[in-house]
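Colleague: Keeping the supplied structure of chain A fixed, place chain B upon it in accordance with the hints.
Protein chains in written order, with this note's numbering: chain A, 136 to 477; chain B, 136 to 477.
Heads up, a few of these hints could be off.
Pairs count within a copy or across copies, as identical chains cannot be separated in the list.
Only pairs whose alpha carbons sit at most 30 Å apart, straight line, appear in this in silico DSSO-like list of lysine-lysine [said to hold, decoys possible]:
no.: 1; residue 1: Lys-276; residue 2: Lys-324
no.: 2; residue 1: Lys-324; residue 2: Lys-237
no.: 3; residue 1: Lys-141; residue 2: Lys-229
no.: 4; residue 1: Lys-316; residue 2: Lys-295
no.: 5; residue 1: Lys-276; residue 2: Lys-161
no.: 6; residue 1: Lys-412; residue 2: Lys-229
no.: 7; residue 1: Lys-316; residue 2: Lys-197
no.: 8; residue 1: Lys-399; residue 2: Lys-412
no.: 9; residue 1: Lys-236; residue 2: Lys-197
no.: 10; residue 1: Lys-395; residue 2: Lys-372
no.: 11; residue 1: Lys-209; residue 2: Lys-236
no.: 12; residue 1: Lys-399; residue 2: Lys-161
no.: 13; residue 1: Lys-205; residue 2: Lys-395
no.: 14; residue 1: Lys-395; residue 2: Lys-471
no.: 15; residue 1: Lys-141; residue 2: Lys-284
no.: 16; residue 1: Lys-141; residue 2: Lys-412
no.: 17; residue 1: Lys-276; residue 2: Lys-295
no.: 18; residue 1: Lys-197; residue 2: Lys-395
no.: 19; residue 1: Lys-471; residue 2: Lys-399
no.: 20; residue 1: Lys-205; residue 2: Lys-412
no.: 21; residue 1: Lys-244; residue 2: Lys-197
no.: 22; residue 1: Lys-316; residue 2: Lys-229
no.: 23; residue 1: Lys-244; residue 2: Lys-372
no.: 24; residue 1: Lys-161; residue 2: Lys-316
no.: 25; residue 1: Lys-316; residue 2: Lys-141
no.: 26; residue 1: Lys-389; residue 2: Lys-141
no.: 27; residue 1: Lys-361; residue 2: Lys-412
Simulated from the structure, these hints should not be mistaken for lab results.
Here's the letter readout for the chains.
There are 2 protein chains.
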Amino acid sequence: MNYILKNENAVYYECGFSCDNEVFLKLGSEAFFITDARYTTEASELVRNAVVLEGDRRDLLKTVRLLIRKSGIKAIAYNPSEWSVDEFGRLSDKLSITFQKKPNFSQQKRMVKSDIELDVLRQAAIYGRDAFHRFGEFLKKDGLGLDEKLAHFEAEAIYKYHGQLGLSFSPIVAFGANAAKPHALPSHKQLTQNELVLVDAGVMYQRYCSDRTRTSHFGENFSFNKEQLFSDGHRQKVYDTVLFAQEAAINAAKVGVLAKEIDKAAREVIERAGFGKFFVHSTGHGVGLDIHELPVISARSETIIEENMVFTIEPGIYLPDEFGVRIEDTVVMTRKGAEVIG
Amino acid sequence: MNYILKNENAVYYECGFSCDNEVFLKLGSEAFFITDARYTTEASELVRNAVVLEGDRRDLLKTVRLLIRKSGIKAIAYNPSEWSVDEFGRLSDKLSITFQKKPNFSQQKRMVKSDIELDVLRQAAIYGRDAFHRFGEFLKKDGLGLDEKLAHFEAEAIYKYHGQLGLSFSPIVAFGANAAKPHALPSHKQLTQNELVLVDAGVMYQRYCSDRTRTSHFGENFSFNKEQLFSDGHRQKVYDTVLFAQEAAINAAKVGVLAKEIDKAAREVIERAGFGKFFVHSTGHGVGLDIHELPVISARSETIIEENMVFTIEPGIYLPDEFGVRIEDTVVMTRKGAEVIG
Numbered sequence: 136m137n138y139i140l141k142n143e144n145a146v147y148y149e150c151g152f153s154c155d156n157e158v159f160l161k162l163g164s165e166a167f168f169i170t171d172a173r174y175t176t177e178a179s180e181l182v183r184n185a186v187v188l189e190g191d192r193r194d195l196l197k198t199v200r201l202l203i204r205k206s207g208i209k210a211i212a213y214n215p216s217e218w219s220v221d222e223f224g225r226l227s228d229k230l231s232i233t234f235q236k237k238p239n240f241s242q243q244k245r246m247v248k249s250d251i252e253l254d255v256l257r258q259a260a261i262y263g264r265d266a267f268h269r270f271g272e273f274l275k276k277d278g279l280g281l282d283e284k285l286a287h288f289e290a291e292a293i294y295k296y297h298g299q300l301g302l303s304f305s306p307i308v309a310f311g312a313n314a315a316k317p318h319a320l321p322s323h324k325q326l327t328q329n330e331l332v333l334v335d336a337g338v339m340y341q342r343y344c345s346d347r348t349r350t351s352h353f354g355e356n357f358s359f360n361k362e363q364l365f366s367d368g369h370r371q372k373v374y375d376t377v378l379f380a381q382e383a384a385i386n387a388a389k390v391g392v393l394a395k396e397i398d399k400a401a402r403e404v405i406e407r408a409g410f411g412k413f414f415v416h417s418t419g420h421g422v423g424l425d426i427h428e429l430p431v432i433s434a435r436s437e438t439i440i441e442e443n444m445v446f447t448i449e450p451g452i453y454l455p456d457e458f459g460v461r462i463e464d465t466v467v468m469t470r471k472g473a474e475v476i477g
Numbered sequence: 136m137n138y139i140l141k142n143e144n145a146v147y148y149e150c151g152f153s154c155d156n157e158v159f160l161k162l163g164s165e166a167f168f169i170t171d172a173r174y175t176t177e178a179s180e181l182v183r184n185a186v187v188l189e190g191d192r193r194d195l196l197k198t199v200r201l202l203i204r205k206s207g208i209k210a211i212a213y214n215p216s217e218w219s220v221d222e223f224g225r226l227s228d229k230l231s232i233t234f235q236k237k238p239n240f241s242q243q244k245r246m247v248k249s250d251i252e253l254d255v256l257r258q259a260a261i262y263g264r265d266a267f268h269r270f271g272e273f274l275k276k277d278g279l280g281l282d283e284k285l286a287h288f289e290a291e292a293i294y295k296y297h298g299q300l301g302l303s304f305s306p307i308v309a310f311g312a313n314a315a316k317p318h319a320l321p322s323h324k325q326l327t328q329n330e331l332v333l334v335d336a337g338v339m340y341q342r343y344c345s346d347r348t349r350t351s352h353f354g355e356n357f358s359f360n361k362e363q364l365f366s367d368g369h370r371q372k373v374y375d376t377v378l379f380a381q382e383a384a385i386n387a388a389k390v391g392v393l394a395k396e397i398d399k400a401a402r403e404v405i406e407r408a409g410f411g412k413f414f415v416h417s418t419g420h421g422v423g424l425d426i427h428e429l430p431v432i433s434a435r436s437e438t439i440i441e442e443n444m445v446f447t448i449e450p451g452i453y454l455p456d457e458f459g460v461r462i463e464d465t466v467v468m469t470r471k472g473a474e475v476i477g
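Just chain A, same shape as in the assembly (with noise of 0.2 Å):
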């Protein structure tokens, strides 16, 4: 098949290496690396199995029509959602060739992890469940009185392993009735005692991603374990909801099984509790070079789980107003289950 990407991550995948302009071309036997005079030096290092050409910086098109045109070939696949209705324009003007819509198919080919690519994501992952225990001692040490944008400042710099490795996202860190936002953004509300506090977070290592979420109870003992003593019951019936639908989805978990039963098994432990209509998203996401990739675990998800596929399971309850439980792991599947990593 031939191909056209343009995603930093898709690229990476195919060899090895990314910037911020590049396009990469598969033609047949042949594949080609195009970017500007910037990073043709780097790209030349580092560029596995294709040929690295240099375009100008403002149009690199130009040079990849010219390849397009001089190969010969008759069709070439890319991904709508990659390419602007203006960009695709400027990519296909007078090519008397088809251009075959296929949306996500890096994605798709990414879906199964290699061993190489289990190692790095497990790595992350633990650098991720480090992070959370340091960002829980500092909490407990100095969270009173903190407010959510100076936590979050804090976060990121924990996160970070103070400039070592990347963040996967800008950490949502939550307290009380903001964590009834599932995408919460900072605000100056203060952590207060018998608050709730949750975290939602994850490296880039590697250029891999981990992704984890945890809610807790603020208070003496404050961590960020699962274990979870409220001091109000109506929390610690949500939260104990929701854990066991976390559960109940990672042992639904099974080579062979179709996404949207791993999703049925969190949404019916919480629909049963009577918190249906607050559990406003699906359960999981793939997790791999990008944040959000394949498969989705959602009510209406038909992918087949395989083998080393990665993705999370987060299932939630928001209550307007009041406050949010989301607890979330990244889980890798095997032949046993599903295998929570970090």
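Modeller: Chain B in isolation, oriented as in the chain A frame:
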């Protein structure tokens, strides 16, 4: 004009709120902000002048298409850079209306700032300047022997005000030869006595950006002031040339001139000094919600400069493998001329 927007800053400009999954629709006299369940609580509180509607998280376009159909409109404008081929296909499929390509129409609206925006931009610039001062104090005290990566990490913390502000972009911190790359990535190069230090950084305050660059001599009385004494005559000549070029461009910026005349004023100073081919970028760019917006201040820009435009003036000279100098300020256009802010 009917229009549809997806870009976060474009949407924020229309209604005072945006999140990471939304569409803004202007249909005749009505406006709609369509988002998913994760954001409707916040959106309902914060969106001005538009009706907030909740759509399916994975298919907001369903709601958007329904609204377009019900409105009976014949045509709608969109920015072809904001939409992927895939999304635009799903948006426009079987809708019998005309989609008018209007590149950058939001950016064009936003080119001349309101008084409220100017207040925010001035405050952002003051924070930006203050962060330069504090980062300068830090380098003066602890900079010797520090590598670019650590200096960059410290710069991020300082420009973020330890979590109270955002960054308009990841700071550029480059020493010596690395400063010859206009977009240098931080390396393990260490700061030594009499080295040249280039810092390009800005804060984000209430979503608006500041932008500033200083190049300094690292020696006694180190600071990011514009008055710099280099121990090396060649560096001093290059520095003074860039400083004169910047002053010439600031003086040339008047209401009613073409943007290219501002570029020309800077470029002529650098060309006369014999460094023309080492000034490899344009003289400036608009600043606002986006760090790069309109007007473009380049050799080809025919934009007529108007009162209350806000843009950078940032000539530079880059001598490969030697060093680079860039001096940048952000200015507000007033009837009296360009006012440097911050």
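Colleague: It remains to establish, for every hint, whether it holds in the given structure.
Modeller: Against the structure, the hints:
In the homo-oligomer, the alpha carbons of Lys-276 and Lys-324 lie at most 30 Å apart inside one protomer (18 Å), although the nearest pairing across protomers, at 34 Å, exceeds that limit. Proximity of Lys-324 and Lys-237 under a CA criterion of 30 Å is satisfied in neither setting, with 45 Å inside one chain copy and 41 Å between copies. In this assembly of identical chains, Lys-141 and Lys-229 lie within 30 Å of each other by CA distance both inside one copy and across copies; the values are 20 Å within and 28 Å between. Proximity of Lys-316 and Lys-295 under a CA criterion of 30 Å is satisfied in both settings, with 24 Å inside one chain copy and 24 Å between copies.
Taking the shortest alpha-carbon separations for Lys-276 and Lys-161, neither the intra-copy value of 54 Å nor the inter-copy value of 50 Å comes in at or below 30 Å. For the identical chains of this complex, Lys-412 and Lys-229 are neighbours neither inside a copy (51 Å) nor across copies (33 Å), given an alpha-carbon limit of 30 Å. In this homomeric assembly, Lys-316 and Lys-197 come within 30 Å of each other (Cα to Cα) only across copies, at 23 Å, whereas the closest approach inside a single copy is 45 Å. Taking CA atoms no more than 30 Å apart as the test, Lys-399 paired with Lys-412 passes inside one copy only; the shortest distance there is 14 Å, against 62 Å between copies.
In the homo-oligomer, the alpha carbons of Lys-236 and Lys-197 lie at most 30 Å apart both inside one protomer (21 Å) and across protomers (21 Å), since each shortest distance falls under that limit. With identical chains, the CA atoms of Lys-395 and Lys-372 are at most 30 Å apart within one copy only, with a shortest distance of 25 Å there and 66 Å across copies. When the C-alpha separation of Lys-209 and Lys-236 is checked against a cutoff of 30 Å, the pair qualifies both within a copy, at 14 Å, and between copies, at 28 Å. For the identical chains of this complex, Lys-399 and Lys-161 are neighbours neither inside a copy (40 Å) nor across copies (38 Å), given an alpha-carbon limit of 30 Å.
For the identical chains of this complex, Lys-205 and Lys-395 are neighbours neither inside a copy (46 Å) nor across copies (34 Å), given an alpha-carbon limit of 30 Å. Taking the closest pair of Cα atoms, Lys-395 and Lys-471 come within 30 Å of each other only inside a single copy of the chain (19 Å); across copies the shortest separation is 65 Å, beyond that limit. When the C-alpha separation of Lys-141 and Lys-284 is checked against a cutoff of 30 Å, the pair qualifies only between copies, where the shortest distance is 27 Å, while the shortest distance within a copy is 35 Å. Only between protomers do Lys-141 and Lys-412 lie at most 30 Å apart by alpha-carbon distance; the minimum there is 28 Å, versus 39 Å within a single protomer.
Within a single copy, Lys-276 and Lys-295 get their C-alpha atoms as close as 20 Å, and across copies as close as 23 Å, so both meet the 30 Å cut-off. Taking the shortest Cα distances, Lys-197 and Lys-395 sit within 30 Å of each other only across copies (22 Å), while inside one copy they are farther apart (44 Å). Taking identical chains as interchangeable, the C-alpha atoms of Lys-471 and Lys-399 lie at most 30 Å apart only when both belong to the same chain, with a minimum of 20 Å there against 67 Å between chains. Within a single copy, Lys-205 and Lys-412 get their C-alpha atoms only as close as 57 Å, which misses the 30 Å cut-off; across copies the closest is 29 Å, which meets it.
Taking identical chains as interchangeable, the C-alpha atoms of Lys-244 and Lys-197 lie at most 30 Å apart whether they share a chain (28 Å) or sit on different chains (29 Å). Taking the closest pair of Cα atoms, Lys-316 and Lys-229 never come within 30 Å of each other, the shortest separation being 48 Å inside a single copy and 35 Å across copies. Taking the closest pair of Cα atoms, Lys-244 and Lys-372 never come within 30 Å of each other, the shortest separation being 41 Å inside a single copy and 51 Å across copies. Taking CA atoms no more than 30 Å apart as the test, Lys-161 paired with Lys-316 passes between copies only; the shortest distance there is 27 Å, against 43 Å inside one copy.
For a Cα distance limit of 30 Å, the shortest separation of Lys-316 from Lys-141 across copies, 22 Å, qualifies, whereas the shortest one inside one copy, 33 Å, does not. In this homomeric assembly, Lys-389 and Lys-141 never come within 30 Å of each other (Cα to Cα): the closest approach is 34 Å inside a single copy and 39 Å across copies. Taking the closest pair of Cα atoms, Lys-361 and Lys-412 come within 30 Å of each other only inside a single copy of the chain (24 Å); across copies the shortest separation is 60 Å, beyond that limit.
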